[in-house]
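Asker: Input sequences plus hints: build the corresponding full structure.
Protein chains in written order, with the numbering used here: chain V, 1 to 401; chain H, 1 to 401.
I should point out that these hints are in silico values taken from the structure, not numbers from a laboratory. From a predicted model like this one, the values you see are computed outputs, not experimental measurements. Keep in mind that the hints are not guaranteed to be accurate.
List time: in silico DSBU-like cross-link candidates among lysine-lysine, alpha-carbon distance up to 35 angstroms [what the hints assert, rightly or not]: (1) H:K313 - V:K49; (2) H:K60 - V:K365; (3) H:K347 - V:K125; (4) V:K122 - V:K168; (5) V:K90 - H:K123; (6) V:K123 - H:K347; (7) V:K358 - H:K123; (8) V:K313 - H:K156; (9) H:K49 - V:K347; (10) V:K24 - H:K313; (11) V:K373 - H:K60; (12) H:K358 - H:K373; (13) V:K313 - H:K123; (14) V:K60 - H:K378; (15) H:K253 - H:K201; (16) H:K358 - V:K49; (17) H:K313 - V:K123; (18) H:K313 - V:K122; (19) V:K347 - H:K24; (20) H:K49 - H:K156; (21) H:K83 - V:K373; (22) V:K365 - V:K253; (23) V:K313 - H:K83; (24) V:K168 - V:K140; (25) H:K122 - H:K24; (26) H:K358 - V:K83; (27) V:K347 - V:K358; (28) V:K83 - H:K357; (29) V:K358 - H:K24; (30) H:K347 - V:K122; (31) H:K60 - H:K256; (32) H:K378 - H:K253; (33) H:K123 - H:K83; (34) V:K24 - H:K347.
Next come the chains, spelled out residue by residue.
Protein chains: 2
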Amino acid sequence: MSAISLLTPKGFRAAGVRSGIKIKRGALDVGVLLCERPATAAAVFTTNKVAAAPVILGRKIICRGRLRAVVVNSGNANACTGKRGLRDAKRMAELCARSLGISADEVLVASTGIIGRPLPMKKIKSGIEAACEKASASAKSALDFSRAIMTTDTRKKAAGRRFAIGKKMVTIAGVAKGAGMIAPNMATMLAFLTTDADITKKALQEALRTAVENSFNAITIDGHTSTNDTAAIMASGMAGNSRITSGTGSAAKFTKMLTAVCSDLAYRIVADAEGGTKVVEVLVSGAASRADARSIARAIADSPLVKCAFYGKDPNWGRIVSAAGYCGARMNPLRTQLTIGGITVFKNGVPARADAKKLSNVMAKHDIAVHLKLGLGKAEYRCLTCDLSHQYVTINADYHT
Amino acid sequence: MSAISLLTPKGFRAAGVRSGIKIKRGALDVGVLLCERPATAAAVFTTNKVAAAPVILGRKIICRGRLRAVVVNSGNANACTGKRGLRDAKRMAELCARSLGISADEVLVASTGIIGRPLPMKKIKSGIEAACEKASASAKSALDFSRAIMTTDTRKKAAGRRFAIGKKMVTIAGVAKGAGMIAPNMATMLAFLTTDADITKKALQEALRTAVENSFNAITIDGHTSTNDTAAIMASGMAGNSRITSGTGSAAKFTKMLTAVCSDLAYRIVADAEGGTKVVEVLVSGAASRADARSIARAIADSPLVKCAFYGKDPNWGRIVSAAGYCGARMNPLRTQLTIGGITVFKNGVPARADAKKLSNVMAKHDIAVHLKLGLGKAEYRCLTCDLSHQYVTINADYHT
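Answerer: Spelled out as structure tokens, the structure:
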């Protein structure tokens, strides 16, 4: 799996260069990912009503379901930048298109970084031109691309899967950047995926929507949805498989594999959350509805009290059960069971007698599973969160705009 | 105002004693507040589905709208304690009733403290008996009562108003305990109010509901609603005013004054939040509906990123505007204006040029007003929050169950 790079699927090239947007010496900040032929494409964007300029543009571009390239800059989010921001985002697409000899409406633009400041277009222009010129199909260039989209991420995040569709092998690969907060703002989640599968626009859209719902949309660092979140996939169709169409077994397999890739990336985003020291999986089952399960899981996953308890290695069942109780979803404490790392800590409305030593071992781990069984129905929801540390406060308080 | 104590309204007596539930030497932990005659009464309770035993009992008791006494213990919340907990809560009412020679269904019980552990009933019994015996109408006993309901509050919280109904002077007074997190659990908000107004059950219920909605329900420390939250008022009717009935001008005046008392107490709860260093007022106006205004105000007030920014004295408009954008309520950044301490920092979708020096002065203050104007309608919502500090993480992570 680790051997699969963004450029393992046939037909893709990439590059990452330094244009000088980021102050840090040597930091890459402009990336280009392109497909040698018109790719079938899909993308999903932030639901934040304060959407950044590239997101506003991207929503239009993606309607056609065709892309040749993705151009990304880090260090500046081009958000809250008004009309000028929209012009700049369009200009990024045009610059990329001109350098590659394609059309601007085949280019998806993404930005991440500081908000409220205009893009330094001179630097961006030279960066895009350099990246387009440099784009190659080498592992090195895939690495450079993944570095160019990073902000305060401490490590690159890549994942991939290889599997058969009929008798042909198909590859899906992806990179992401995550929950590093960007001065003066919030985390932006960006994910770019490539595949050589031959797949219809409709099947690809459906697969991406399902995969994102169960991966990137099921993680929380601090409940903030950024202005710039974007997940996009390009399919070159060069694997030679018989075309995957919506509602078939091969579509289900593709969706499953895409979900696996996105889930790997989502896990890595949570594991690299600013100030985070642990990854906590919250599973709520036995709910009366999926909406209830989701509300409860999110209330637990977003609770500062719960997150502080995990940081302090404290198996604090009271905070978890009470978070479930206050979110408005149906639950009955008398039917509720809570396990932490497989150890029952609460059952039938009262605390269970758990082995303190075993519980302490569970709480010392990096990965901790919380499972709340509601006993009301069959719906469930799973999400990932991190803990809330002193370091989180330091990072997010001590920076001054 | 500061001269008004819980016992200033005619007809009340109180006491606070040490029963030994709390380990800390000398700490008071059982309080009794009683009315010399049957008081008209109203109460509101937590909406958490994991309600503590005294809350389950209290919801039944309050239906009659009559109380003679309130009995409270701190140090143990009697929550998540199953059938035994309910028996213990009833027993507390019975013990209080027997000592005072009244009926158990005239006694409201409240508890706050650690959850998931049975009440130490022997200590509680002697505490209740001692408190009932000691109950007097002196200022000292009002102070003891307010100390007996505290947990990790660093100071007592009292407020009052004196005003005319017709030609008679009426007093409303109250005490509260707040956002000290109790090991191993969450904050509990308790408020007990007294008045000598002559008022009908219906008018009193309506007044309390309105007052709580605009005070205790409009504050947030960390978004957690406790299992034990209770606000109760007893009216002795001894002021001699002509009876206040629902829907009249005197009811409106009473409601306004009760809201003022509750708002004072709510402010003090936020100001004494664990780890909090600032009180931030979030006002959202110009919303398309009150529900939208409330969603946005709560999203801002509960955002860890926003709260960290205030701790760091950082006028981070991006976090505030983006929190407004992700909560699902209607907003349009192009119509949105944000002021911090009266200084415009965001307008028409882009940052405003604010005077950095003035802004820095505003951010250095203890009380900061954030006002988001949406420009969509006429609805508004106001709430109070605190900042998120290293100390909050320390308090809530470093404690071990």
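Asker: Now, for every hint given, state plainly whether the structure supports it.
Answerer: Going down the list of hints, with the structure as the test:
Simply put, H:K313 and V:K49 have alpha-carbon atoms about 26 angstroms apart, close enough for the 35 angstroms limit, and the pair holds. The suggested pairing of H:K60 with V:K365 is violated, with an alpha-carbon distance near 45 angstroms, which exceeds 35 angstroms. Between H:K347 and V:K125, the direct Cα distance comes to roughly 29 angstroms. Compliance with the 35 angstroms bound is thereby established for this hinted pair. For the given pair, V:K122 sits about 45 angstroms from V:K168 by alpha-carbon distance, which is inconsistent with the 35 angstroms threshold.
Taken as a hint, the V:K90 and H:K123 pair is broken in the structure, with Cα atoms around 73 angstroms apart against an allowance of 35 angstroms. For a cut-off of 35 angstroms, the pair hint linking V:K123 to H:K347 stands: about 28 angstroms separates their Cα positions. The suggested pairing of V:K358 with H:K123 holds, with an alpha-carbon distance near 33 angstroms, which does not exceed 35 angstroms. Only pairs whose Cα atoms come within 35 angstroms are accepted, and V:K313 paired with H:K156 is accepted, the gap being roughly 32 angstroms.
Between the alpha carbons of H:K49 and V:K347 the distance comes to roughly 15 angstroms, so the proposed pair stays at or under 35 angstroms and holds. For the proposed pair V:K24 and H:K313, the alpha carbon gap of about 25 angstroms is at most 35 angstroms, so the pair holds. The hinted pair formed by V:K373 and H:K60 meets the criterion: a straight-line CA distance of about 29 angstroms does not exceed 35 angstroms. About 21 angstroms separates the Cα atoms of H:K358 and H:K373, which keeps this hinted pair within 35 angstroms; it holds.
A hinted pair counts as satisfied when its Cα atoms are at most 35 angstroms apart, and V:K313 with H:K123 qualifies at roughly 32 angstroms. Distance check on the hinted pair: V:K60 and H:K378 sit about 33 angstroms apart at the alpha-carbon level, within 35 angstroms; holds. The suggested pairing of H:K253 with H:K201 holds, with an alpha-carbon distance near 16 angstroms, which does not exceed 35 angstroms. For a cut-off of 35 angstroms, the pair hint linking H:K358 to V:K49 stands: about 29 angstroms separates their Cα positions.
At roughly 32 angstroms between alpha-carbon atoms, H:K313 and V:K123 fall within 35 angstroms of each other, so this suggested pair holds. Distance hint between H:K313 and V:K122 is fulfilled; the C-alpha atoms sit about 33 angstroms from each other, no more than 35 angstroms. Our distance criterion of 35 angstroms between C-alpha atoms is met by V:K347 and H:K24, whose separation comes to about 31 angstroms. Restraint check: the Cα-Cα separation between H:K49 and H:K156 comes to about 29 angstroms, which is no more than 35 angstroms; the hinted pair holds.
Proximity of H:K83 to V:K373 is assessed by CA-CA distance (about 21 angstroms); at most 35 angstroms being required, the pair is judged to hold. Simply put, V:K365 and V:K253 have alpha-carbon atoms about 33 angstroms apart, close enough for the 35 angstroms limit, and the pair holds. Proposed proximity of V:K313 and H:K83 is supported: the alpha carbons are some 30 angstroms apart, at most 35 angstroms. Only pairs whose Cα atoms come within 35 angstroms are accepted, and V:K168 paired with V:K140 is accepted, the gap being roughly 27 angstroms.
Only pairs whose Cα atoms come within 35 angstroms are accepted, and H:K122 paired with H:K24 is accepted, the gap being roughly 18 angstroms. For the proposed pair H:K358 and V:K83, the alpha carbon gap of about 28 angstroms is at most 35 angstroms, so the pair holds. For the suggested pair V:K347 and V:K358, the alpha carbons sit about 18 angstroms apart, so the restraint of at most 35 angstroms is met. A C-alpha spacing of about 29 angstroms is found between V:K83 and H:K357, which places the hinted pair at or below 35 angstroms, so the restraint holds.
Of the pairs offered as hints, the one joining V:K358 and H:K24 holds, with about 30 angstroms between alpha carbons and a cut-off of 35 angstroms not exceeded. Restraint check for H:K347 and V:K122: the C-alpha separation of about 27 angstroms stays at or below 35 angstroms, so the hint holds. About 27 angstroms separates the Cα atoms of H:K60 and H:K256, which keeps this hinted pair within 35 angstroms; it holds. For the proposed pair H:K378 and H:K253, the alpha carbon gap of about 24 angstroms is at most 35 angstroms, so the pair holds.
With a C-alpha separation of about 20 angstroms, the suggested pair H:K123 and H:K83 falls inside the 35 angstroms cut-off, and the hint holds. Between V:K24 and H:K347 the alpha-carbon distance is near 31 angstroms, which keeps this suggested pair within the 35 angstroms criterion.
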